[in-house]
Amino acid sequence: MPNQKLVNEIIESLTAEKLIPENRSELIRGKILAGTASVDDWRNWIDTAQLEMAKDEEVKKNA
Amino acid sequence: MPSRRISRVELEKFRGATAITAIDFDTSKSIVSIFGDNGCGKSTIVNAIDFVCNKSKGSLESMKSTNHTHIVSIGNKAAELSVKVHRNGNFWHGSQSGREIIVHPEEGMPAAVILRRSKLLRLVEATPSDRFDEIRKFIDFANIETSEQKLRDAVRLSKESLNSKIALHTQAETSLETHWQSEGAHDISAVNWAKLKITQDPSKARASVASLNTVIKSIEDIESKNAEVYSAKTALGSAEQVLAKVNEEIAKAEAGASSANIKLVEMLNSLDLVIADPYDQNECPACESPYDLIKLRVELKKRIELLGAADDLNRQLKQLTGKYDKSLALHDNAFAKLKELANSCVPQFKACLESFSEFSDTLPTLATVTRVGKPEVSERISEFIKLIVATKGRLVAKRGEVQKDITLFDKTKQTYDLVGQTEADVTSEAKILSGLSKSLEIMHEIRIRCTQDILDSVFGEFLRLWELIHPDEPIKPTKLVLNEATKGSLNQLGSFGEHDNISPQAYFSESHLDTLGFCYWLAIAKYSTNGDVIIILDDVFTSVDNDHVSRIMDLLIEESDHFNQIIITTHQRRWHDGFRYGTRSQNKTHVLELGIWDKTNGIVSYPSRMEVERLEDLLSGGPLDRQGVCSKAGVLLEQMFDELTKQYKCSMPRGDRREYTLSDYAGSTKHVFKELNVKSTDTAGIVSDCKMQNFHDELMPFVSVRNQVGAHFNLTATEYPDKELLRFGKLTVDFIKSLLCKSCFGIANKEDRITGEWSCACKQTQMFPKIARKK
Numbered sequence: 000m001p002n003q004k005l006v007n008e009i010i011e012s013l014t015a016e017k018l019i020p021e022n023r024s025e026l027i028r029g030k031i032l033a034g035t036a037s038v039d040d041w042r043n044w045i046d047t048a049q050l051e052m053a054k055d056e057e058v059k060k061n062a
Numbered sequence: 000m001p002s003r004r005i006s007r008v009e010l011e012k013f014r015g016a017t018a019i020t021a022i023d024f025d026t027s028k029s030i031v032s033i034f035g036d037n038g039c040g041k042s043t044i045v046n047a048i049d050f051v052c053n054k055s056k057g058s059l060e061s062m063k064s065t066n067h068t069h070i071v072s073i074g075n076k077a078a079e080l081s082v083k084v085h086r087n088g089n090f091w092h093g094s095q096s097g098r099e100i101i102v103h104p105e106e107g108m109p110a111a112v113i114l115r116r117s118k119l120l121r122l123v124e125a126t127p128s129d130r131f132d133e134i135r136k137f138i139d140f141a142n143i144e145t146s147e148q149k150l151r152d153a154v155r156l157s158k159e160s161l162n163s164k165i166a167l168h169t170q171a172e173t174s175l176e177t178h179w180q181s182e183g184a185h186d187i188s189a190v191n192w193a194k195l196k197i198t199q200d201p202s203k204a205r206a207s208v209a210s211l212n213t214v215i216k217s218i219e220d221i222e223s224k225n226a227e228v229y230s231a232k233t234a235l236g237s238a239e240q241v242l243a244k245v246n247e248e249i250a251k252a253e254a255g256a257s258s259a260n261i262k263l264v265e266m267l268n269s270l271d272l273v274i275a276d277p278y279d280q281n282e283c284p285a286c287e288s289p290y291d292l293i294k295l296r297v298e299l300k301k302r303i304e305l306l307g308a309a310d311d312l313n314r315q316l317k318q319l320t321g322k323y324d325k326s327l328a329l330h331d332n333a334f335a336k337l338k339e340l341a342n343s344c345v346p347q348f349k350a351c352l353e354s355f356s357e358f359s360d361t362l363p364t365l366a367t368v369t370r371v372g373k374p375e376v377s378e379r380i381s382e383f384i385k386l387i388v389a390t391k392g393r394l395v396a397k398r399g400e401v402q403k404d405i406t407l408f409d410k411t412k413q414t415y416d417l418v419g420q421t422e423a424d425v426t427s428e429a430k431i432l433s434g435l436s437k438s439l440e441i442m443h444e445i446r447i448r449c450t451q452d453i454l455d456s457v458f459g460e461f462l463r464l465w466e467l468i469h470p471d472e473p474i475k476p477t478k479l480v481l482n483e484a485t486k487g488s489l490n491q492l493g494s495f496g497e498h499d500n501i502s503p504q505a506y507f508s509e510s511h512l513d514t515l516g517f518c519y520w521l522a523i524a525k526y527s528t529n530g531d532v533i534i535i536l537d538d539v540f541t542s543v544d545n546d547h548v549s550r551i552m553d554l555l556i557e558e559s560d561h562f563n564q565i566i567i568t569t570h571q572r573r574w575h576d577g578f579r580y581g582t583r584s585q586n587k588t589h590v591l592e593l594g595i596w597d598k599t600n601g602i603v604s605y606p607s608r609m610e611v612e613r614l615e616d617l618l619s620g621g622p623l624d625r626q627g628v629c630s631k632a633g634v635l636l637e638q639m640f641d642e643l644t645k646q647y648k649c650s651m652p653r654g655d656r657r658e659y660t661l662s663d664y665a666g667s668t669k670h671v672f673k674e675l676n677v678k679s680t681d682t683a684g685i686v687s688d689c690k691m692q693n694f695h696d697e698l699m700p701f702v703s704v705r706n707q708v709g710a711h712f713n714l715t716a717t718e719y720p721d722k723e724l725l726r727f728g729k730l731t732v733d734f735i736k737s738l739l740c741k742s743c744f745g746i747a748n749k750e751d752r753i754t755g756e757w758s759c760a761c762k763q764t765q766m767f768p769k770i771a772r773k774k
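So the protein lines, in turn, are chains A and B. If you read the first sequence in numbering that gives the first Met the number 0, its first letter stands for residue 0, the second for the next number, and so on. If you read the second sequence in numbering that gives the first Met the number 0, its first letter stands for residue 0, the second for the next number, and so on.
No lab work stands behind these hints: they were computed from the structure. Computed from a prediction, not measured in an experiment: that's the story for all the values here. A hint or two may mislead.
[Said to hold, decoys possible] Examples of chain B residues toward chain A, derived with CB under 8 angstroms:
1) A141
2) A153
3) T426
4) K430
5) I447
6) K773
Every residue gets a Cβ at the ideal spot worked out from N, C-alpha and C, and that includes glycine.
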């Protein structure tokens, strides 16, 4: 299915760039595919990914 | 594998089907070709399939002036409408309820995509965005695009939020700047100044203010209580004075009357009360002696009045003594409270004075005032009150001063904190915006690339189909490009000779644009369905010339293997004649004809018969239709000779118009027939090998018969006996049947890619030689 393939590629790229949280990729994939990803969802995903990234950096710094 | 082909369509009260109509399709053939003049019901059949397979009003969908009621045959009710589409022993029944199309069963109906002339024009003439809409349903990224749009909205809203947060931050900075300027601290920046300011600890100042507040409050309480003492004291003084005066008057009264008299007055008063009305005894209550009561009352009043003055003074004294006692109690109570307040205020006041250096001068006085021992307590308190009241003004001023520092600190901190908070908000929103923008960029880029990949893939097929219809032509499409700048916009590009990247709409002819749109549509349909679909072409090609029509037919026959079924309707006889005359094979095609429509019979369909069969009918018995036989035989021969001249590239006599007589054809093909040999395998597997030279030789003498009997009124024609004309007809039938394949009824006019020989479509018949030599 072309749309499945397209969503997979999008999720892969966004995850690789740490723009969305990896542990929520299945949920995000489903929402994008169903066309139900909302403005708040996008903000939330980006925000969560940034928080996780900051946390990781903090852990690295402390280690 | 069960057939995926439609086997039957039944229509009742649907559009042109005014009578119950059933049309059967041969499912062993991958193509159904329906021929009929305009108005015979071709589009009704296509609309019926669309109605059931796609729940669509078909060609009525795009017509603004029509509505759902126009689907029903004229003069009938919607409830009577019925369409059945059969496939593989099952059927799907379509009906109408109001505006809704109902199909039962609801699922599993054959998948069909329909190309109509109107749609073809839209594909060709549409704006890039409309063109994309046509492809959108095939490349269905609608949901992903919706999610992308939400991301785009999130970016826009984040930008707006960032701008408003920047404005708040600027406002906070301006507020701090203004505050900084009002404080006149210009030696360092506002932020550094504020930073410095808020490093000071305001708790000591707050404690000072609290202490000052307590002391000032105590002073105010003492002041109030002192005023109360003063007031009580004044009242007590007044009561004392009045009491003294009454006492003086009593003393004087006592001097004038004995205390016995006073006592008598008391007694008489008591008696007066006893004998007052309504006492009505005319005898003494004590001794019961008779007396005059009225006289006694008058006498008694007289005596009392004489002694009354002393009685008044006595009562006044009693009252004033009570008042005085009350005033004394109030005063004593107020003073006691004042004493208590003063005592509790002393340590607070002292501590407060000690905490501020500027009050050090007051401490010695406080020590003097609060010393233990002489003088009297009231005097000490009075002195203390004097001292605190005198100091109160300075204390209030000090409190204002400290409070001002605190207010400055609070305001500076609040403004500085707001600058910091708004700055953090700006930073956070900028980060979110950056993430959202990057995500949108990635998502959009991938979607466009993915779509372009699909378009490139579609384009490969599109170009292949185009080149099959337009081999070696200098004009062709070169690319399908999705415009990245705008959402959902598709540009078609082409080349014309040496000119690349031209817009086909500007330079291609109408027929080229038709085939361009057709190839584009077919390529998308193939890509998107992987061939699991029925392709329906509803009278699509109107401006395409004979050669291109022929190639389109070849292409469809070839492509029919890659789809479930292809259904073609046409009103053009040239599409149809190939099958009727045998120049086009029927091995994959079921050919149907529609009769003339009328309201009573509705749509009438029947299998299309070959012309050679119609000639056989004319020869089958009864009185001979002399003119009919010669005319049909002549046309059949001309059609077949025309095909052979094209196939063997025979020279033809030049004329103003490309019209040739049977005589012209016979002369040009003479050398071909010398070698012409047809090898055929029939359905039973019997191989026959037929040399065609004899047919040519035997038929040539009848060339003039065809003209004289079949084409004109001519007296000479009457001289030809029926027997001779019958022979002409039979020879023609044998000749045609010898040329045509026994299986597919087509002539061997396809070049076999393996053997290089002429072969029919089903490869059961071959024709030799490949090239005829002119001797």
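Broken hints, numbered, in rising order? 3, 5 and 6
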